[in-house]
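The listed protein sequences correspond, in order, to chains A and B.
Following UniProt numbering, the numbering of the first sequence begins with 1 at its first residue and continues without gaps.
Following UniProt numbering, the numbering of the second sequence begins with 1 at its first residue and continues without gaps.
One should not assume that every hint holds.
No copy is singled out in the list; a pair is fine if it fits within one copy or between any two copies.
Below, simulated DSSO-like cross-link-like pairs (lysine-lysine); rule was C-alpha separation at most 30 Å, straight line [said to hold, decoys possible]:
#	residue 1	residue 2
1	Lys56	Lys101
2	Lys372	Lys471
3	Lys222	Lys34
4	Lys61	Lys299
5	Lys81	Lys302
Please keep in mind that the hints were generated in silico from the structure rather than gathered at the bench.
One letter stands for each residue in the lines below.
2 protein chains.
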Amino acid sequence: MKKLEKITPQNVDFAKWYTDVIKNGDLMAYGSTKGSIIFKPLSFGIWDNIRFELDKKFKAKGVQNVYLPLLIPESLLQKEKDHLQGFNPELATVTEVGGKKLSEKYFIRPTSETLFGEFFKNEVESYNDLPLIYNQWVNVLRWEKTTNPFLRTREFLWQEGHTVHNNKEEAVQLTWDMLEIYRDFLKEYLALPVLCGQKTEHEKFSGADFTLTVEAMMKDGKALQGGTSHYLGQNFTKAFDISFKNKNNETEFAYGTSWGVSTRLLGALIMTHGDDRGIIIPPKIAPTQVDVIELFANKEEKVAQQAKLISDALLNANIRAKIDNSDKNPGFKAANSEIHGTPLRIEIGPKDVQENQVILVRRDTLEKNIVKINDMKEFIDVVLNKLNSIQNDLYNAALDRLNHNFVEVSSYDEFKEAIASGKWVLAPFEGSNEDEDVIKNETGASTRCIPFKLPIEIKNDTCFYTKKKTKRIVAFAKAY
Amino acid sequence: MKKLEKITPQNVDFAKWYTDVIKNGDLMAYGSTKGSIIFKPLSFGIWDNIRFELDKKFKAKGVQNVYLPLLIPESLLQKEKDHLQGFNPELATVTEVGGKKLSEKYFIRPTSETLFGEFFKNEVESYNDLPLIYNQWVNVLRWEKTTNPFLRTREFLWQEGHTVHNNKEEAVQLTWDMLEIYRDFLKEYLALPVLCGQKTEHEKFSGADFTLTVEAMMKDGKALQGGTSHYLGQNFTKAFDISFKNKNNETEFAYGTSWGVSTRLLGALIMTHGDDRGIIIPPKIAPTQVDVIELFANKEEKVAQQAKLISDALLNANIRAKIDNSDKNPGFKAANSEIHGTPLRIEIGPKDVQENQVILVRRDTLEKNIVKINDMKEFIDVVLNKLNSIQNDLYNAALDRLNHNFVEVSSYDEFKEAIASGKWVLAPFEGSNEDEDVIKNETGASTRCIPFKLPIEIKNDTCFYTKKKTKRIVAFAKAY
Chain A
1 MKKLEKITPQ NVDFAKWYTD VIKNGDLMAY GSTKGSIIFK PLSFGIWDNI
51 RFELDKKFKA KGVQNVYLPL LIPESLLQKE KDHLQGFNPE LATVTEVGGK
101 KLSEKYFIRP TSETLFGEFF KNEVESYNDL PLIYNQWVNV LRWEKTTNPF
151 LRTREFLWQE GHTVHNNKEE AVQLTWDMLE IYRDFLKEYL ALPVLCGQKT
201 EHEKFSGADF TLTVEAMMKD GKALQGGTSH YLGQNFTKAF DISFKNKNNE
251 TEFAYGTSWG VSTRLLGALI MTHGDDRGII IPPKIAPTQV DVIELFANKE
301 EKVAQQAKLI SDALLNANIR AKIDNSDKNP GFKAANSEIH GTPLRIEIGP
351 KDVQENQVIL VRRDTLEKNI VKINDMKEFI DVVLNKLNSI QNDLYNAALD
401 RLNHNFVEVS SYDEFKEAIA SGKWVLAPFE GSNEDEDVIK NETGASTRCI
451 PFKLPIEIKN DTCFYTKKKT KRIVAFAKAY
Chain B
1 MKKLEKITPQ NVDFAKWYTD VIKNGDLMAY GSTKGSIIFK PLSFGIWDNI
51 RFELDKKFKA KGVQNVYLPL LIPESLLQKE KDHLQGFNPE LATVTEVGGK
101 KLSEKYFIRP TSETLFGEFF KNEVESYNDL PLIYNQWVNV LRWEKTTNPF
151 LRTREFLWQE GHTVHNNKEE AVQLTWDMLE IYRDFLKEYL ALPVLCGQKT
201 EHEKFSGADF TLTVEAMMKD GKALQGGTSH YLGQNFTKAF DISFKNKNNE
251 TEFAYGTSWG VSTRLLGALI MTHGDDRGII IPPKIAPTQV DVIELFANKE
301 EKVAQQAKLI SDALLNANIR AKIDNSDKNP GFKAANSEIH GTPLRIEIGP
351 KDVQENQVIL VRRDTLEKNI VKINDMKEFI DVVLNKLNSI QNDLYNAALD
401 RLNHNFVEVS SYDEFKEAIA SGKWVLAPFE GSNEDEDVIK NETGASTRCI
451 PFKLPIEIKN DTCFYTKKKT KRIVAFAKAY
């Protein structure tokens, strides 16, 4: 049994706090391959729940899951030169099998655009064959130089959706639909409020006509891109010759989209909700929603009986409950539940059994309530209400932080000051790609998006950087 | 829209039949990496259902899902030399990234025993930390020379369970429990009857003390190993130094198990239930359980309305239904449903709407029933009963074939004859590993298992091969 280590407070060193809480919370372990991590049951359980719930939303939109090979032959990736260039320095390359050199190299997929490209080419002949709305939940590899658990790892898990359509309107609509799914899912399940918008030309996916994004805000003020949805136009379909005969029997290139979220979401979850005691997992996505903790059960058997009775009732009501009947002391058990981020814990001691009551403790507020168990159905409702409140309060607290962290600036000096203090800047901006590079180099901030809805009223109509008139309002922030 | 191609009859060329039906049934496509396949929505949908249902059974036994890295550093795999030797010729090896040679080679996992070994070593200190009952659903690579879709592909999907325990009894029990889960799952969901038994020393997993197996029988009489569960004793825990302090504060090596099933199960499903019209998917695992087919809907709108009404009622009753409202002719639609193996189809034409009826057609027997729709609840019950019957009948037909395919032999000549005619041999056998090799070379048959229950009465007590007295009854068959 590992000992719990001291957690560095968030306001002392946020980065250190992050690694402390994921270690203490048993979320991951380092593997023997540098830059890769082991997803332990708690973090994989969250990812499994994300997969399950998001997949339901996808399927309601007609998405079908498929599985394409891990390896991309060199010749295939070379068909889309820009794409290859973009990923080249990060490509893990298989050159031999059983000690013997292969005649062609294979890349481990950093993403599967090219594989889908070739697959679609063979599947599509007529407008009747379209749309193909496919998705896969897979591992991908990018040999990153600097890594950070969940946020940037050489191997990560994600879903990548790839679609082709026989008309532009449908493809564009699907690009928007997927962003909406991400926004709703992040809100509903992960309790993550986001700023939705379109990426600038500089920040969009290189193969896309446009890229939509949901940007979340961490407790240190930094942004984290939660998911992106790309309208690819005919860029990939031309490169891969994905064409169809339309109703007039003319040959036309198909219209594509791609969209994805990854295990980075676990990092977003931790850095949005966690506090100095550890992580906090929103109830709707938590593998364990309620810890049922037996206090001094070794001294009185009735405690174990009562814990079992309550746990069974919770499980029957589809609440994910787990009993802690170890022989550890009450303080350890409470800390253990907190550090693993279980949203609610129920403590039952010998006195509570006598009084026919339990103690409910919320992980987020640490608020304690003594609750009588007169009617089990009533008690279950109390628990469900608590879980609901926790879910909503986590979201609202995060939304409040997000909404109060925007600031408008009218000069580059004001911009620098705002970014240095951890704010997100919202301001008129019409600078070039090169301007974005300079700003990023000098301040660490990048354009996050051109928001669809402005969270604050913008007064200026002059670019803070070039001083030219513009109506384009852009959000800037430092980002993970 | 691809044209349906002619299917070679099973009794003409079973191997050709197999590739014909998976092609026509839209189960897979060949990818650009030789020996790898693309899982199209139908086959991946079946695998997704297998994952979902099997995972529920695992979790009820305390299994927790994790995710370990794809790549194994060469130094780690060398810790278990036998293991490395066994897989070496099949190891896809990453030697460079972005064109630059790496200082150490990495192997793409052919299985993850070594990664779990190192992980467990770091997790386990005291008897209190045990058991760890972990599983992962992942892709693995083995660079096979000859491949066959689903049955033997260079990349495949599987679940691999790995556990460590603080005592032998618990580990042995878990090895048996997992075999039971596989047997029950194969029966209940895939309608696959199996012969359960223990592998001989020759056929067991090289790192195991013993290997348990479930062996299914294909329609051509060949065996297919459906799943295995290995008791590893202290073999891997000694190699990886996974030790714990027991209650007497003595250091002891942990006791391990591992167990798995793979996407080979899709091959088993196809070759057990399919017929000359195509594949047949058992209802409990079918992504689409009922095709609702509109006949001449373009001529009468009421047909589409009625189809929608029925499909909605089916979906509400948690029956996975799909409407075919394409403008194809009735014959094509029926053949299309059959070729994709949908267990039940409902045909609705203009006359049926008038008569307030539909036609139900079973995929397995092709039996047609006209069913009146007086009460929707009653109708749903009819559909549920049909689906149940299909599930049971598929299982019973397969069980009947299995049970009638065993034969006892008393000499090697009889053995050769039985194997050549596609039978499974059950007979006393006490031959050596070398004897098993000779028999396999000469007849193509290998030992499948030492069955726990004998499906036929065995009369002899002399080894058919060595002529020595023995009570060990062994099953032999040609296998995929």
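Going through the hints against the structure:
1. In the homo-oligomer, the alpha carbons of Lys56 and Lys101 never lie at most 30 Å apart, since the shortest distance is 44 Å inside one protomer and 43 Å across protomers.
2. In the homo-oligomer, the alpha carbons of Lys372 and Lys471 never lie at most 30 Å apart, since the shortest distance is 59 Å inside one protomer and 64 Å across protomers.
3. With identical chains, the CA atoms of Lys222 and Lys34 are at most 30 Å apart within one copy only, with a shortest distance of 26 Å there and 44 Å across copies.
4. Taking CA atoms no more than 30 Å apart as the test, Lys61 paired with Lys299 passes between copies only; the shortest distance there is 28 Å, against 55 Å inside one copy.
5. In the homo-oligomer, the alpha carbons of Lys81 and Lys302 never lie at most 30 Å apart, since the shortest distance is 69 Å inside one protomer and 53 Å across protomers.
The structure fails to meet hints 1, 2 and 5 from the earlier list, while all remaining hints are met.
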